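A.B. asks: Sequence:
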Amino acid sequence: MSAIGIVLKGGLLVAGLAIGACSLPERINAVPLDAVEQVKVVGISNARFYVDTGGPAMAAEGLAAYQREIAWRQSQRLSGPLPPAHFLAISGGGDDGAFGAGLLTGWTKRGDRPEFKLVTGISTGALSAPFAFLGPEYDEALAAVYTKTKPDDIFTKRSFLAVFTSDAFSDTTPLYKTMSKYLNMDMMRKIAREYDKGRLLLISTTQFDAAKPVIWNIGAIAKVDTPEALELIRRILIASAAVPGAFPPVMLDVEVNGRKYQEMHVDGGAVAQVFLYPPTLDVGAVSRREHVQRKRSAYIIRNSKLSSPWEDVPRRTLTIAGRAISMLIASNGVGDMYRIYSTTQRDGVDFNLAYIDTDFTAEYIGPFDPRYMVPLYEYGHELSKRGYAWKKTPPGFGSSR
4 MSAIGIVLKG GLLVAGLAIG ACSLPERINA VPLDAVEQVK VVGISNARFY VDTGGPAMAA
64 EGLAAYQREI AWRQSQRLSG PLPPAHFLAI SGGGDDGAFG AGLLTGWTKR GDRPEFKLVT
124 GISTGALSAP FAFLGPEYDE ALAAVYTKTK PDDIFTKRSF LAVFTSDAFS DTTPLYKTMS
184 KYLNMDMMRK IAREYDKGRL LLISTTQFDA AKPVIWNIGA IAKVDTPEAL ELIRRILIAS
244 AAVPGAFPPV MLDVEVNGRK YQEMHVDGGA VAQVFLYPPT LDVGAVSRRE HVQRKRSAYI
304 IRNSKLSSPW EDVPRRTLTI AGRAISMLIA SNGVGDMYRI YSTTQRDGVD FNLAYIDTDF
364 TAEYIGPFDP RYMVPLYEYG HELSKRGYAW KKTPPGFGSS R
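In this text, residue positions in the sequence shown follow the working numbering: the first is 4, and each later residue adds one.
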């Protein structure tokens with residue numbers, strides 16, 4: 004069940020409740036529409052990109068990453084053809100993120116897990132992406148996040164009145180504290196060192212005021228190497244997992260031409276369940292223009308089953324609405340796979356897909372319950388350790404391996 008479904012299942016709206024005297028959360032003014040492209044974050048221009056307008060800037064960042072890689076290889080006295088570039092995209096899915104965590108650690112145990120040139124994450128995928136980016140050294144921490152975490156380590160429930168007086172049904176301060184145990188200055192500096200080698204870690208949030216998806220360049224932010232940069236990265240990860248209504252939005256203080264504003268950021272899954280790179284970024288064309296020759300492969304981890312499970316749906320407004328949203332999220336996730344597949348085929352990138360299949364039958368107990376997450380982690384771990392049969396096409400698209 005999605006976090007949105009949890010919200011819709013968890014309450015009963017009462018008409019006529021007097022709320023005039025309630026104190027609602029306040030905020031600084033949002034960035035005006037005509038200024039959203041002018042915001043700079045932590046003093047650098049390549050900290051983030053808007054998906055719809057940032058194609059050229061992302062292409063420039065990709066080329067700069069290639070140049071950093073070449074410089075690093077030369078410093079290490081490495082020669083010969085470039086090694087294959089492996090991309091990893093980790094989807095949203097709430098506590099189903101245990102599947103992806105198990106898949107990655109099992110891949111390490113098998114012994115053929117590659118180093119990824121690019122790692123992207125949305126929602127729960129954003130929380131696991133930094134661990135995946137830094138590789139097997141962080142497998143133990145990744146496993147702990149998805150097998151030893153309890154609901155109290157993720158959120159605390161607010162009063163029912165929060166539906167009228169606050170910005171979400173729960174408070175994610177526990178999640179911030181949980182992630183901060185791992186995401187410290189040492190981890191940030193390791194991300195920065197990998198960025199210097201030409202590797203990229205990208206996280207997606209939704210800029211809610213502008214209704215625009217944002218791709219955050221975590222390595223570039225890490226290079227700033229200040230406590231403010233670390234705090235921003237932590238808040239970006241929490242924002243990417245901030246399912247609207249279930250978890251509070253993350254407010255980011257920004258400036259435009261000396262004036263202070265606030266941006267409201269929520270779950271990247273409000274727009275997409277998973278992303279690799281925007282279709283507007285033609286990797287194949289850029290490679291041909293810059294004479295870059297290398298093999299590329301993309302691995303997509305969908306932390307979910309492909310469709311909502313069968314359910315005897317009661318005739319209740321909130322239950323029906325929650326069921327509809329759950330179905331919409333599942334359908335949206337499949338659409339994301341088709342979009343990524345189309346893009347990779349255009350660009351000559353080998354496509355590989357993993358998802359929770361129908362042979363996983365553990366009963367869902369409740370949000371972030373270890374009695375569900377541990378078996379799911381072990382399921383993904385064992386599949387990968389034995390050698391996962393990655394699907395070569397999206398579901399329903401021809402034959403799969």
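Do not rely on the hints blindly, as some may be mistaken.
As the list claims (entries may be wrong) - Taking lysine-lysine and the DSS-like style, the derived pairs with C-alpha atoms no more than 25 Å apart in a straight line are:
| no. | residue 1 | residue 2 |
| --- | --- | --- |
| 1 | K151 | K394 |
| 2 | K226 | K298 |
| 3 | K200 | K308 |
| 4 | K184 | K308 |
| 5 | K394 | K308 |
| 6 | K112 | K395 |
| 7 | K193 | K43 |
| 8 | K193 | K226 |
| 9 | K151 | K180 |
| 10 | K308 | K395 |
| 11 | K298 | K151 |
| 12 | K153 | K180 |
| 13 | K160 | K184 |
Said to hold, decoys possible - Here are the simulated distance ranges between beta carbons:
| no. | residue 1 | residue 2 | range |
| --- | --- | --- | --- |
| 14 | L85 | I47 | 47 to 57 Å |
| 15 | A327 | F400 | 43 to 53 Å |
| 16 | P154 | R76 | 41 to 51 Å |
| 17 | A74 | T320 | 58 to 68 Å |
| 18 | G369 | S345 | 50 to 60 Å |
If you're looking for bench data, these hints aren't it; they were derived computationally from the structure.
All of these numbers come straight from a predicted model, not from anything done at the bench.
Heads up, the beta-carbon is just placed ideally off N, CA and C, and yes, glycines get one too.
A.B. asks: Taking 25 Å as the top limit, are the C-alpha atoms of K298 and K151 close enough?
C.D. replies: 38 Å, violated
A.B. asks: Hinted pair, alpha-carbon criterion (25 Å max): K151, K180. Please report holds or violated.
C.D. replies: Roughly 15 Å separates the two Cα atoms, so the pair holds.
A.B. asks: For the pair supplied as a hint, K112 and K395, is the alpha-carbon distance within the 25 Å limit?
C.D. replies: Holds. K112 to K395 sits at ~23 Å (cutoff 25 Å).
A.B. asks: Assess, step by step, whether the Cα of K200 is no farther than 25 Å from the Cα of K308, and give holds or violated.
C.D. replies: 35 Å, violated
A.B. asks: Compare the distance between the alpha carbons of K151 and K394 with 25 Å, and conclude whether the hinted pair is satisfied.
C.D. replies: 30 Å, violated
A.B. asks: With respect to the beta-carbon atoms only, verify the hint that A327 and F400 lie 43 to 53 Å apart.
C.D. replies: 25 Å, violated
A.B. asks: A range of 41 to 51 Å was offered for this pair. Does it hold for the Cβ distance of P154 and R76?
C.D. replies: 46 Å, holds
A.B. asks: Using the Cβ atoms, figure out if L85 sits within 47 to 57 Å of I47.
C.D. replies: With a Cβ separation near 27 Å, L85 and I47 fall outside 47 to 57 Å, so the hint is violated.
A.B. asks: So if I understand the rule, the pair passes when the alpha-carbon distance is 25 Å or less; does K193 with K43 pass?
C.D. replies: 24 Å, holds
A.B. asks: Using the C-beta atoms of A74 and T320, is the stated range 58 to 68 Å upheld?
C.D. replies: Roughly 59 Å apart at Cβ, these two residues keep to the hinted range, so it holds.
A.B. asks: Verify the proposed pairing of K308 with K395, using a straight-line Cα cut of 25 Å.
C.D. replies: 17 Å, holds
A.B. asks: Can the restraint linking K226 and K298 be considered satisfied, given a maximum Cα separation of 25 Å?
C.D. replies: 28 Å, violated
Against the hints set out earlier in the document, violations occur for numbers 1, 2, 3, 4, 11, 14, 15 and 18.
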